[in-house]
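Residue numbers (the UniProt record's numbering), protein chains in the order written: chain A, 1 to 320; chain B, 1 to 320; chain C, 1 to 320.
Because the hints were derived from the structure by calculation, they are not lab data.
Since the model is a prediction, treat every value here as computed from it, not as a measurement.
It is possible that some hints are incorrect.
What the simulated footprint calls covered on chain C by chain B, stretch by stretch (three residues with Cβ under 8 Å from a Cβ of chain B suffice, anywhere in the stretch; the number is not a length) [what the hints assert, rightly or not]:
1. 13-21
2. 24-32
3. 120-130
4. 144-158
Note that the Cβ used here is the ideal one computed from N, Cα and C, for glycine as well.
Chain by chain, the residues run as shown.
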Amino acid sequence: MENFEQHEIDSIIDPIIDDYNKERPIDSMCVFHQPDQQAIKDIINKLLRVFYPGYHRDKVYKFYNVRNNLSVLIEDIMYNLQKQISITLHNRDEYRDCTREETTDKEAYLITKKFFTKIPKIREYLNSDLEAAFEGDPAANSIDEIVLCYPGLLATTINRIAHELFLLDVPLIPRMMTEYAHSMTGVDLHPGATIGKYFFIDHATGIVVGSTTIIGDHVKVYQGVTLGALSTRKGQLLHGVKRHPTIEDNVTIYAGASVLGGETVIGEGSVIGSNAFITSSVAPGSRISVQNQKLQKMPGEDKIEKTSFDDNEDTWFYVI
Amino acid sequence: MENFEQHEIDSIIDPIIDDYNKERPIDSMCVFHQPDQQAIKDIINKLLRVFYPGYHRDKVYKFYNVRNNLSVLIEDIMYNLQKQISITLHNRDEYRDCTREETTDKEAYLITKKFFTKIPKIREYLNSDLEAAFEGDPAANSIDEIVLCYPGLLATTINRIAHELFLLDVPLIPRMMTEYAHSMTGVDLHPGATIGKYFFIDHATGIVVGSTTIIGDHVKVYQGVTLGALSTRKGQLLHGVKRHPTIEDNVTIYAGASVLGGETVIGEGSVIGSNAFITSSVAPGSRISVQNQKLQKMPGEDKIEKTSFDDNEDTWFYVI
Amino acid sequence: MENFEQHEIDSIIDPIIDDYNKERPIDSMCVFHQPDQQAIKDIINKLLRVFYPGYHRDKVYKFYNVRNNLSVLIEDIMYNLQKQISITLHNRDEYRDCTREETTDKEAYLITKKFFTKIPKIREYLNSDLEAAFEGDPAANSIDEIVLCYPGLLATTINRIAHELFLLDVPLIPRMMTEYAHSMTGVDLHPGATIGKYFFIDHATGIVVGSTTIIGDHVKVYQGVTLGALSTRKGQLLHGVKRHPTIEDNVTIYAGASVLGGETVIGEGSVIGSNAFITSSVAPGSRISVQNQKLQKMPGEDKIEKTSFDDNEDTWFYVI
Numbered sequence: 001m002e003n004f005e006q007h008e009i010d011s012i013i014d015p016i017i018d019d020y021n022k023e024r025p026i027d028s029m030c031v032f033h034q035p036d037q038q039a040i041k042d043i044i045n046k047l048l049r050v051f052y053p054g055y056h057r058d059k060v061y062k063f064y065n066v067r068n069n070l071s072v073l074i075e076d077i078m079y080n081l082q083k084q085i086s087i088t089l090h091n092r093d094e095y096r097d098c099t100r101e102e103t104t105d106k107e108a109y110l111i112t113k114k115f116f117t118k119i120p121k122i123r124e125y126l127n128s129d130l131e132a133a134f135e136g137d138p139a140a141n142s143i144d145e146i147v148l149c150y151p152g153l154l155a156t157t158i159n160r161i162a163h164e165l166f167l168l169d170v171p172l173i174p175r176m177m178t179e180y181a182h183s184m185t186g187v188d189l190h191p192g193a194t195i196g197k198y199f200f201i202d203h204a205t206g207i208v209v210g211s212t213t214i215i216g217d218h219v220k221v222y223q224g225v226t227l228g229a230l231s232t233r234k235g236q237l238l239h240g241v242k243r244h245p246t247i248e249d250n251v252t253i254y255a256g257a258s259v260l261g262g263e264t265v266i267g268e269g270s271v272i273g274s275n276a277f278i279t280s281s282v283a284p285g286s287r288i289s290v291q292n293q294k295l296q297k298m299p300g301e302d303k304i305e306k307t308s309f310d311d312n313e314d315t316w317f318y319v320i
Numbered sequence: 001m002e003n004f005e006q007h008e009i010d011s012i013i014d015p016i017i018d019d020y021n022k023e024r025p026i027d028s029m030c031v032f033h034q035p036d037q038q039a040i041k042d043i044i045n046k047l048l049r050v051f052y053p054g055y056h057r058d059k060v061y062k063f064y065n066v067r068n069n070l071s072v073l074i075e076d077i078m079y080n081l082q083k084q085i086s087i088t089l090h091n092r093d094e095y096r097d098c099t100r101e102e103t104t105d106k107e108a109y110l111i112t113k114k115f116f117t118k119i120p121k122i123r124e125y126l127n128s129d130l131e132a133a134f135e136g137d138p139a140a141n142s143i144d145e146i147v148l149c150y151p152g153l154l155a156t157t158i159n160r161i162a163h164e165l166f167l168l169d170v171p172l173i174p175r176m177m178t179e180y181a182h183s184m185t186g187v188d189l190h191p192g193a194t195i196g197k198y199f200f201i202d203h204a205t206g207i208v209v210g211s212t213t214i215i216g217d218h219v220k221v222y223q224g225v226t227l228g229a230l231s232t233r234k235g236q237l238l239h240g241v242k243r244h245p246t247i248e249d250n251v252t253i254y255a256g257a258s259v260l261g262g263e264t265v266i267g268e269g270s271v272i273g274s275n276a277f278i279t280s281s282v283a284p285g286s287r288i289s290v291q292n293q294k295l296q297k298m299p300g301e302d303k304i305e306k307t308s309f310d311d312n313e314d315t316w317f318y319v320i
Numbered sequence: 001m002e003n004f005e006q007h008e009i010d011s012i013i014d015p016i017i018d019d020y021n022k023e024r025p026i027d028s029m030c031v032f033h034q035p036d037q038q039a040i041k042d043i044i045n046k047l048l049r050v051f052y053p054g055y056h057r058d059k060v061y062k063f064y065n066v067r068n069n070l071s072v073l074i075e076d077i078m079y080n081l082q083k084q085i086s087i088t089l090h091n092r093d094e095y096r097d098c099t100r101e102e103t104t105d106k107e108a109y110l111i112t113k114k115f116f117t118k119i120p121k122i123r124e125y126l127n128s129d130l131e132a133a134f135e136g137d138p139a140a141n142s143i144d145e146i147v148l149c150y151p152g153l154l155a156t157t158i159n160r161i162a163h164e165l166f167l168l169d170v171p172l173i174p175r176m177m178t179e180y181a182h183s184m185t186g187v188d189l190h191p192g193a194t195i196g197k198y199f200f201i202d203h204a205t206g207i208v209v210g211s212t213t214i215i216g217d218h219v220k221v222y223q224g225v226t227l228g229a230l231s232t233r234k235g236q237l238l239h240g241v242k243r244h245p246t247i248e249d250n251v252t253i254y255a256g257a258s259v260l261g262g263e264t265v266i267g268e269g270s271v272i273g274s275n276a277f278i279t280s281s282v283a284p285g286s287r288i289s290v291q292n293q294k295l296q297k298m299p300g301e302d303k304i305e306k307t308s309f310d311d312n313e314d315t316w317f318y319v320i
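Just chain A, same shape as in the assembly (with noise of 0.2 Å):
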């Protein structure tokens, strides 16, 4: 291989070192209220095996002992999450002063015992998912299954982790959270979003569900689903503001289907069909559905050219 000389590796730094002083948002350098990826991912995975316990388990975990085995696993959590959300706090605006270590420890620990009290209640809803998941998937061959291999139970468990910190309004930790969960299983639930019980996901890819939205019990959605905002094109002025929809109890939404508005209530028991894509509200019972695609049959026929576009035109059009 050639070698690289000194003066054309300084004559690559230079103009990056130039770059870095520029003071842009990019050229920020202060590291030291970052909470560690790694670290988030860990945490993630440690309360994975206190949620459930007989799976994600370290293999000689909880057989013979296990009170001593969750005390050891708890006691490593807690270290690691107060440590985190100590270092995180520094972003909330009361805690911006760099050298105030101190104050955030305090806050930090109060935070991280909060949350433990939690894991309970984050374990029945839990397993109220899994039954819901158990009970809905005719492909669904045991509980061990579910556990084992569905995704959308891991971002359900992943949100209801991160939702818990964002309602105790841990800074940047819910999202890394959730966007772990993102990067594995293609399901973005924002941290905010509140989730009822006996919520099933199936298939997962390309779920969204944003941060102020509310769902109910016993609701069921598919794959591809949005339950988003209405772009009123004002970005950072509707930060805060209900974007989102609420969907009432025993709501099933069917795949690719878009439900969008703050103000938008999915009434009780409804069943969104697929591909529906609605952003006014829908009363209890409705079941709404999109009529019939008018579409174009022409059995038989071999060669077509044709993928012109016009709007008086019937005209033949496939993606690749």
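Model the placement of chains B and C on the given structure of chain A, informed by the hints.
Positioned in the frame of chain A, the structure of chains B and C alone reads:
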């Protein structure tokens, strides 16, 4: 950092331990019959080296003595696969009794042996997939690029492995394999799905193929396609019933289309256009396309703030 | 466990070895010219530290002497990137002859040097993307959140790196990079795609941008958008032809919309509504939206079992 005192730790652990004793599905502790997730991933990664000997390789493997190196690799996979199958066979009804370890060992040995005799057949199918991808994609520069980069081929490869184990009635492992593929590629091919030769998936993300789907030879499928079931909301009652479509030879299904229902057959040589929603059978040689959408255009209009929805009125809505 | 005897192992290995001698594409054994997947991922991860010096960091890097630390990092990446490029250049027609290692070394050195001079320009673009994401997303709390969490920015960053190597005519590596991004984010941005400043992707999953797409400045794209080709089913014959659209400055394309075809131009300042399917050019400043779907509503009706499809009848269908 603040220290948690022992009584605080106890006050967190006690309710969790109580929780574990509630005997709900989530409280299951019977881990002895679970295959190990990491072991399954390792098996897949080693099988990729067997299937594609010029790729996915251990760096020293195969140049000087292909046979010796393959032998070491195969023995390793056979040992590990047999072990995981032996563990998971206890999930079959006839092996529920935990103590009869030796009985699953014999069956695991036979299944492993049968699986390995399928390798030349699987490789024949994979070679046809490789050819279909190269011929079908204008963006493909070389065979190497397809094997090294294309998520569709990776998902198809793992489905073909998992499907053979599914046919041999191995519990849990086939689905763990396809969900590993799902996580890496966004493609959800159920291990039950039967897929013919020369299968080509382009762009991959968001494809769902249900467990009782049957796909012929020379079929092309693009991003966002669902080969799914029509819900009659009976959940577990439909377990084992054919609920997903049959796609005959030489069919192309473009991006975002859905083909649904166990009695739906897409006849040989048909083309299904983007976003079409098909719930009944289609004759051989059909060209099915959605009729032109009625698009609303307002060139030049600059400020549209209207985002409400009204059945009797044209409105603008944008999802964010 | 049962033991496999040597003759059993042989009976499995023999047909596989026979198989490897069939000289099909899948039997290729020429691995000498393949870049190493893990090396490419490592290069990406180290480049992220160069591009975002306050994030993605090695924990001790950069506080005490930015220059020294950057120097060590850059030298590392230059060495590894040059090595991988030298290997892969043999895939270019002029370097097919395996023995001329030294000839690719010189070219790899020159390409590596050119790539590194592009870093300030890439960072300028990435900073604009960062600003666009913060301004465009009401859910964004801080710049840190975007860099640490947003999959759209990650996919865009890796595309910008890969695109420079694509322009320098490096085989294989650019696509390996974008597929690494695709796997992590669900966003499939081909390295050939040309993307202007202030590019914002929200929610990310399911976006496909084809290899000959050209995107201007200040463009926003939401989940599930395809910027694709119209199939004329000619496969490899279309290699190198512009088959993907041109998107001018200040265009917004909402969730699920498709814009298709190499001659399709979306004029400056246009807005494309959710799920629109565009196959011809659109004048500057247009607002394009799908007309209201005809939705069928049956408030209160409780038990609908009808799921068959009939062209002449309104029916309900739900995908599962």
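Of all the hints numbered above, which does this structure not satisfy? Sort the numbers upward.
When the structure is compared with the hints, numbers 3 and 4 turn out to be violated.
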